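The lines below spell out each chain.
2 protein chains.
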Amino acid sequence: MTYLTDERVAVLGAAGAIGSNLAQSILQLGISGNVVMYDPFAQGLEGAAEELYHCGIPGANVTWTSDIGEALTGTSYVISSGGAPRREGMTREDLRRDNSEIAKGLGQDIKKYAPNLKFLVVIFNPADITGLTALVHSGLPPSNVSTLAALDSTRLQTALAQKFGVRQDKVTGCRTYGGHGEKMAVFIGTIKIDGKPLAQYLQEGILSASDWEEIQAHVRNGGARIIQLRGRSSFQSPAHVSAMMVKSVVDGSDFPWPSGAYIKDGDHKGIMMAADTTLDKRGVSYRIPDGSPEDLAALKDSAEHLASLRDQTIADGILPPLNEWKRYNPHL
Amino acid sequence: MTYLTDERVAVLGAAGAIGSNLAQSILQLGISGNVVMYDPFAQGLEGAAEELYHCGIPGANVTWTSDIGEALTGTSYVISSGGAPRREGMTREDLRRDNSEIAKGLGQDIKKYAPNLKFLVVIFNPADITGLTALVHSGLPPSNVSTLAALDSTRLQTALAQKFGVRQDKVTGCRTYGGHGEKMAVFIGTIKIDGKPLAQYLQEGILSASDWEEIQAHVRNGGARIIQLRGRSSFQSPAHVSAMMVKSVVDGSDFPWPSGAYIKDGDHKGIMMAADTTLDKRGVSYRIPDGSPEDLAALKDSAEHLASLRDQTIADGILPPLNEWKRYNPHL
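Residue numbers (my numbering), protein chains in the order written: chain A, 95 to 426; chain B, 95 to 426.
Note that these hints are calculated values from the structure, not bench results.
Fair warning: there could be bad hints in the mix.
To be verified - Here's a subset of chain B near chain A, in silico, CB distances under 7 Å, partners left out:
id	residue
1	Q122
2	G138
3	E140
4	Y147
5	T248
6	R249
7	R261
8	S402
9	Q406
To be verified - The calculated DMTMM-like cross-link candidates involving lysine to aspartate or glutamate, where the alpha carbons are at most 20 Å apart (straight line), are:
id	chain 1	residue 1	chain 2	residue 2
10	A	K277	A	E140
11	B	K420	B	D405
12	A	K358	A	E388
13	A	K257	A	E308
14	A	K277	A	D100
15	A	K257	B	E140
16	A	K363	A	D348
17	B	K257	A	E140
18	A	K264	B	D405
19	B	K358	B	D405
20	A	K286	A	E140
21	B	K264	A	D100
These numbers come from a predicted model, not from an experiment.
Virtual Cβ for every residue (Gly too), placed ideally from N, Cα, C.
Take these sequences, add in the hints, and give me the full structure.
As structure tokens, then:
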């Protein structure tokens with residue numbers, strides 16, 4: 095087995111379903127054989143690590159620890175799925191506050207133990223806010239921090255492929271921007287099915303407006319649907335896709351989906367959101383996507399929603415006020 | 095993404111933890127992009143398939159079905175994790191009988207829908223018996239049927255690496271033969287740690303006889319220990335390792351662990367057990383392992399245990415009497 099890098103990848107939340115799959119994916123995809131698994135739940139962590147040992151993968155050097163300093167020191171890449179899941183009776187607000195608090199701790203730990211970290215991917219929800227919070231507190235350049243934002247786009251690709259009865263990769267250019275889930279902005283302009291623009295299918299009435307609405311609603315509920323079908327929230331796709339994000343940063347290979355990026359200026363300044371991103375050895379770079387007036391209005395709406403969540407996180411005292419960010423992170 | 099083959103791989107039991115991980119592993123390892131997922135539990139199956147779609151893997155052509163004929167027709171490789179797990183209050187005997195019945199159905203389905211199948215890997219326990227039962231009823235040549243038998247060996251490698259504080263792949267030649275788990279036969283002769291034979295460490299007293307006993311006991315309980323640590327039975331390692339078995343048959347790459355093989359003649363004739371096997375494009379071939387008189391006595395004991403389980407399965411009417419096997423499978 096050969097690996098793209100010898101540098102160490104840390105998986106935070108590695109005892110969980112996403113994290114343990116992630117550690118396996120990093121090895122199977124040949125990204126790095128040097129993987130450290132971190133989780134506060136030591137017993138489950140050891141079980142997950144033992145499973146990877148039992149795979150008997152040549153060249154693998156898997157370690158595990160419940161000490162975050164040990165996990166981060168000497169590590170080049172971090173993927174964190176280590177938030178709390180949304181439990182029964184918990185509102186979205188509770189989830190945001192609790193997980194932002196965890197993200198703040200993650201940022202502070204990175205500042206302390208891995209100030210030169212090459213790349214951080216934050217998975218845990220709401221990732222736009224937890225990723226932003228980790229970025230502000232970490233002191234890392236914005237190019238070194240991203241969030242998993244691709245699943246709405248891959249779910250849209252899936253739904254269109256099923257609707258049109260074509261193989262999934264015959265549907266290209268599916269990109270949703272802004273926030274994740276209910277507030278995502280679907281950009282229609284780039285989508286093609288078997289080379290023909292989706293807009294044409296709509297114009298020609300081959301796809302009706304109500305079918306298209308239904309497909310978008312289906313995508314918005316993509317996560318809830320997995321829970322319904324499997325009795326548990328999605329874990330294989332977040333693990334695979336975030337591992338592929340790190341792969342692109344390690345070897346410069348194309349990552350064809352939107353990722354989360356910190357927006358430095360312009361209308362959407364000061365939030366993290368799914369943008370038209372490129373991942374390569376320099377980390378994440380972005381362009382604000384261009385689209386029809388409707389597309390851009392949807393993006394504006396989504397970005398404003400994210401700004402309001404950010405402001406609540408500031409009001410909670412978890413993020414500092416905007417004008418103090420530079421003190422926490424000179425790159426902002 | 096490029097794949098080693100275009101031929102189709104069927105994962106049976108694909109809604110479960112092992113099966114869904116297997117389907118992902120076959121894609122991630124680049125074995126085949128052409129994967130059919132089968133499970134009688136249609137809802138969970140759809141959820142697992144959707145997760146793979148949401149990975150957005152280029153070139154992947156994943157389908158799912160609860161119709162076994164559809165899953166097997168046109169398929170070249172099958173991995174079946176589709177037995178019942180051992181439930182509370184269920185004896186080992188109950189498990190053997192129930193799962194042998196499932197394996198009989200699997201063999202009959204293969205005879206009907208995929209009589210030219212290139213390779214079948216049976217994972218579900220007791221795999222030595224379920225694999226044998228599937229082989230007899232399938233009519234396939236014995237070279238085309240194997241069982242997952244490597245995990246005792248990888249667990250032994252893990253335990254020795256931890257004991258000696260070396261990286262896992264510095265421990266070589268760990269091979270357990272015969273049956274799986276409690277009745278496995280550990281062959282000491284081939285094991286080296288950092289190039290030095292284990293036997294020497296024992297002779298020199300660097301590893302005490304009681305420590306070595308303890309390590310073997312630890313390995314025998316390897317599966318139970320995962321349940322204890324994770325609250326669920328092992329799924330990542332069976333998935334990864336059985337995917338690697340198929341990889342070796344697809345591309346001829348080395349599979350360094352023992353696999354299950356049908357023993358055609360000699361003392362252990364008429365059982366399936368972990369032997370000194372090679373996996374390549376011709377499927378599985380074996381040699382009866384050679385070892386010290388103690389090693390061979392342990393193997394004999396293990397093989398006799400498997401023969402008695404086979405005879406019980408014959409008595410249950412799930413396997414035909416030995417002298418009728420040729421009628422079911424002319425290759426035996």
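Consistency of the hints with the structure:
| no. | hint | result |
| --- | --- | --- |
| 1 | Q122 | holds (4 Å) |
| 2 | G138 | holds (6 Å) |
| 3 | E140 | holds (5 Å) |
| 4 | Y147 | holds (4 Å) |
| 5 | T248 | holds (4 Å) |
| 6 | R249 | holds (6 Å) |
| 7 | R261 | holds (6 Å) |
| 8 | S402 | violated (28 Å) |
| 9 | Q406 | violated (29 Å) |
| 10 | K277(A) with E140(A) | violated (38 Å) |
| 11 | K420(B) with D405(B) | holds (17 Å) |
| 12 | K358(A) with E388(A) | violated (23 Å) |
| 13 | K257(A) with E308(A) | holds (11 Å) |
| 14 | K277(A) with D100(A) | violated (39 Å) |
| 15 | K257(A) with E140(B) | holds (15 Å) |
| 16 | K363(A) with D348(A) | violated (26 Å) |
| 17 | K257(B) with E140(A) | holds (16 Å) |
| 18 | K264(A) with D405(B) | violated (53 Å) |
| 19 | K358(B) with D405(B) | holds (17 Å) |
| 20 | K286(A) with E140(A) | violated (45 Å) |
| 21 | K264(B) with D100(A) | holds (17 Å) |
Against the hints set out earlier in the document, violations occur for numbers 8, 9, 10, 12, 14, 16, 18 and 20.
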